[in-house]
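> Guided by the hints, dock chains Z, E and H onto chain R, whose structure is given.
Each protein sequence line maps, in turn, to chains R, Z, E and H. Counted from 1, the first sequence has number 9 at position 9 by the numbering used here; the numbering is strictly sequential. Just remember that the numbering used here sits 1000 ahead of the position in the second sequence, which is counted from 1. Just remember that the numbering used here sits 2000 ahead of the position in the third sequence, which is counted from 1. Just remember that the numbering used here sits 3000 ahead of the position in the fourth sequence, which is counted from 1.
No lab work stands behind these hints: they were computed from the structure. A virtual CB, placed ideally from N, CA and C, is assigned to each residue, including glycine. Incorrect hints may appear among the rest.
As the list claims (entries may be wrong) - In silico DSSO-like links for lysine-lysine, alpha-carbon gap of 27 Å or less: (1) 70/R to 2070/E; (2) 3202/H to 3172/H; (3) 32/R to 2118/E; (4) 3032/H to 1020/Z.
What the hints assert, rightly or not - Here are a few chain H residues that face chain Z, going by a calculated C-beta distance under 10 Å: (5) 3024; (6) 3027; (7) 3032; (8) 3036; (9) 3038; (10) 3040; (11) 3045; (12) 3046; (13) 3056; (14) 3065; (15) 3075; (16) 3241; (17) 3244; (18) 3245.
What the hints assert, rightly or not - Sample of chain H residues facing chain R (criterion: CB under 10 Å; computed from the structure): (19) 3009; (20) 3010; (21) 3014; (22) 3015; (23) 3214; (24) 3215; (25) 3239; (26) 3240; (27) 3249; (28) 3253; (29) 3257; (30) 3273; (31) 3281; (32) 3282; (33) 3329.
The lines below spell out each chain.
Protein chains: 4
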Amino acid sequence: MVVVMAPDATDEDIARVVEKVEGVGGEAFVSKGVVRTIIGLVGDIDSFHHLNLRSMSGVADVHRISDPYKLVSRQHHPERSTVWVGGVPFGPETFTFVAGPCAVESPAQTLEAAEMAKAAGATLLRGGAFKPRTSPYAFQGLGVRGLEILSSVREATGLPIVTEITDARDVKVVVEHADMLQVGTRNMANFGLLQAVGEAGKPVLLKRGMNSTIEEWLMAAEYIAQRGNLDVVLCERGIRTFEPATRNTLDISAVPVVQATSHLPVIVDPSHAAGRKDLVVPLSRAAIAVGADGVIVDVHPDPESALCDGPQALLGNDLRLLAQAVRQLPPAVGRVDAGTRVRTPV
Amino acid sequence: MVVVMAPDATDEDIARVVEKVEGVGGEAFVSKGVVRTIIGLVGDIDSFHHLNLRSMSGVADVHRISDPYKLVSRQHHPERSTVWVGGVPFGPETFTFVAGPCAVESPAQTLEAAEMAKAAGATLLRGGAFKPRTSPYAFQGLGVRGLEILSSVREATGLPIVTEITDARDVKVVVEHADMLQVGTRNMANFGLLQAVGEAGKPVLLKRGMNSTIEEWLMAAEYIAQRGNLDVVLCERGIRTFEPATRNTLDISAVPVVQATSHLPVIVDPSHAAGRKDLVVPLSRAAIAVGADGVIVDVHPDPESALCDGPQALLGNDLRLLAQAVRQLPPAVGRVDAGTRVRTPV
Amino acid sequence: MVVVMAPDATDEDIARVVEKVEGVGGEAFVSKGVVRTIIGLVGDIDSFHHLNLRSMSGVADVHRISDPYKLVSRQHHPERSTVWVGGVPFGPETFTFVAGPCAVESPAQTLEAAEMAKAAGATLLRGGAFKPRTSPYAFQGLGVRGLEILSSVREATGLPIVTEITDARDVKVVVEHADMLQVGTRNMANFGLLQAVGEAGKPVLLKRGMNSTIEEWLMAAEYIAQRGNLDVVLCERGIRTFEPATRNTLDISAVPVVQATSHLPVIVDPSHAAGRKDLVVPLSRAAIAVGADGVIVDVHPDPESALCDGPQALLGNDLRLLAQAVRQLPPAVGRVDAGTRVRTPV
Amino acid sequence: MVVVMAPDATDEDIARVVEKVEGVGGEAFVSKGVVRTIIGLVGDIDSFHHLNLRSMSGVADVHRISDPYKLVSRQHHPERSTVWVGGVPFGPETFTFVAGPCAVESPAQTLEAAEMAKAAGATLLRGGAFKPRTSPYAFQGLGVRGLEILSSVREATGLPIVTEITDARDVKVVVEHADMLQVGTRNMANFGLLQAVGEAGKPVLLKRGMNSTIEEWLMAAEYIAQRGNLDVVLCERGIRTFEPATRNTLDISAVPVVQATSHLPVIVDPSHAAGRKDLVVPLSRAAIAVGADGVIVDVHPDPESALCDGPQALLGNDLRLLAQAVRQLPPAVGRVDAGTRVRTPV
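If we strip away everything but chain R, and leave its shape as in the complex, we get (with noise of 0.2 Å):
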């Protein structure tokens, strides 16, 4: 940490932060310049959070330098992690393909999505029962229904489920029926539900906030680690930015930054970001490229009656072009398609 002063601190502010610091046990290392007096710490930082220095007089600001996220950094965890999911493994080697509705609508919109999933490779099924929508008039998913579906559908089909959940108080039903835990974006800030989720036992799959640093997001899933629980898969689904041609503005940059502080695995969601059929097979091209652990897709029978999100699902054609590239281009980078990985849950 470091604290800058301001031009007109007196002497005795500078003493003040020196023993505000040394009174828990940290050393003050002061800079003298010619217009202003930087003061570097050192110790333990959380136990220099509560000192508030930047209310303390003459105190013009304090720098953080540590990442403020211990857990999931690879700081004291250097190796890159691997999260299994229903025996799918998420990781530094492999490539993971994600597929399904937005929404479960029916039983066999359900099942046919899931089918046309698996056909184009992908290994694990999406899928949302609780869906958190803008407008309260909108179609908010089929709750518990919707999970029973899931439930079926992956004994028909054989593919592990992950689904959203959006509220504390739902945890217990969703787990009984889920192999993973979606966090979606709207959802990343809500504590509680992240400590929730942290202490439900299951894998977690944590969307970034649409308005939330990539500092924030890791921060999030500390909330998760803390709880206890280290099967935590970030998901990048773009972020808000005033470009009005996509949806969002997928942050690709944003999977080698993760991968470069954080040991979890990193997947990309090109469908949520574009929110634009015709940019999803280009934008899962980049993102293998780019060195995501795995991409998360839409796929719907039929968009043209889908309750949500209809425009950006795939089918037919783009859907081939995706199982090629996810089947050509991460060998081209060094991975596996997850697929030939896949082991027994225990």
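Only chains Z, E and H this time, still in chain R's reference frame:
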């Protein structure tokens, strides 16, 4: 609603759109241009949403024309509303000053802050018992003990209480102690929480998501209203932009924009927007002048020892300047201090 | 300046940084932490920049601590400046009202707009002869003919003229006609143009780039100042964000932020920020209350026939409300109308 | 174009709009809804722009439907274009690798960088002689001397030259030395410069403004095209967002979005987008996979001593990885290295 056809759309594509719209009882007006055809839809907009027109063959884009919110819109409720909280009005004729500590830390600190707030002219006390924090290692609030402190401080000072609720599971206990429930910026799109406070029978202070458009914010209010609660006060608290000089960018224009489209009161939180004490007074003046229905600011008897957001808490001279602004400026824009209109709560 | 070393930096890496800094006459204070080492640099910051420390082995990051601007900073010039334009002051004690048409279209339209502006209390006339337009097919301004019209309208009304310059090649002709040269938002980082107006011997109105941080904006002012011209008035005109309700988001906080770090006057352009006529009056009130040194607004005798930005031009009742605000509000924040302090230009 | 009337618009308001549109030879189709009326306009869109419909009584909003650009649009030019620069193609079948130092510093440094670039497979040399810098105190480039160095390095290596032009007054001298003129991100909306390069008779590399929408970027290309120059290559180089981990956020989706609407080639600059050397290789891979027509990257023989942007310059192992990616990945997405298609310039 306007459907824009792609340049290469066929007559059949156009006919299918018209047919689909008429199939749900709507009317479709076709305008054929040299390059493109556009189709204007007239009828019940909700029925059109389910048609998934954007996924149809030949459709390039669909523009919504009407506002998606209803209960909170001025369209059918042109008069701006007044919301009463413990006898204090938020509305078009008054200016309401809310102040208090960011977090409740102890009975003494809360009482002292409340007395500062009251002396400066505040008519409501803010204070957080449940604190949503970016880091799981930061102070998370006193919880129920904090609510009890707030209750006792209300008894001592007569100031009604507004406090944040972060989890639908806490509604029952918060309602027992608070006069107004605050939904914070990180929970604006936590739809389960919005529905829970919509059913709680207390006025709600709904902060704008730091990443949310004004339309999304009004849709969040619609979620609350739809559960039967129209006592919603909106609070602009800054949005996330590229500018690093302030924690967030206060979107002062949001105040007149909201007032033009919604009948709900709207206030401003300059403390959390700026994150800097020295900007709170000028931004509060701007909020009054732009026509806000109130402000909510952080005060703390000893910012240096604050457990949360000390750098933005007012005291001493700044608080005196703010008190002066709240007395002098509202009349210059045709408003009276809400303190002069307090009525005994029923 | 603070150099943050990577966790795996070696003692040799640290020694090389220290050596490099001392090699240009600086001092380096090393603070060794448990995880990282930070090095505080003291001395001539410009000499450090050329060291390219960020590229050195073992260096994770370099934080600049001091402001990068000098001539426009309050550090060595604590008093806020007054800039005089044709006898009209922009400064800390006054409030200056600038108005006029977005574009000069004809002698009659310009004269009529100028008379409206003057009647409403404006003391300077704005009007564009060279218009930077997003589309090459849009009206690009009357050019030199427009400047001549402005000159004749100044003669008729006595109002000094501020007009935009978009190309360094036009400096000579614009200087002949204008009292103040405006650098527009799209040219804020056109460094050749900044240097040209810096040498032109006329006051400059420097609009903030819609994408620029406050620091970059002050650096643009530094470019002008460095060429010997300190008569620069800054103009906040909105920044680009995700919010679509307004054309740009007026960053009202920028006014007190600038005033805290620079001695230059700063005014607000609510017309271009909002792009909506109905927001101009409330935003002007906010600008006055926040402490801006002036406002600049679009007026047009017949907005429907305006060749540029008609939707944001004021007339009739709105202009009366604005005139009223400019008369009544500045005294409430300790300022006088600049019109009362006009002095005969030398 | 679609005109949306306000809910309280009168029949007379509607009639006036229709009349105005018909007055310039257009057709107006009126769709009366329960709440609002919308009017679809058919005819010559440019004539509608001058009507200023948005300022008319009763008009709430005007939506443009067609793209505002013409010459650069695929609408009338469906085939994607190939632009030739000194015999090197940029187009839909090839992948073009451009590399070189951010700034020309000396003959030796430039030659060495050019040889590195060539050895890694680059077919064009980039290098800046005129550098737009945020600070007037930073290195501004060698100017004409830099151009001469570039010329001599071209002779030595055979690599055609792309270099930035920042001022319309420099067109003549730059054209003498360069094979391609670069318009940088800060000058994308410098319309005088765009027109000057449009008349210069050389291919142009047009970087996206870091704050510009894709539509505005294509309008900037339209400015160049309108002056008779259709040899424009677009370059995505990151946009400004709230994410601080990278200097800008590379908008990788912009590549397929541009390719869907414009026939011009589009390449990616991962060095300036990220501002971090460690991201250049993964982002280049992503650019190839997403379908970009090329990349442009910074290389420097000695980044530590670079006068500009050293932290992002590649050398050694990273450059080898990039060279490998440029060889191996394009065939996986159906492209060949542009180096295999070079033809002798006329």
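> Are there hints from earlier that the structure breaks, and if so, what are their numbers?
Violated hints (numbers, rising): 1, 3, 5, 12, 13, 18, 19, 20, 21 and 22; every other hint is consistent with the structure.
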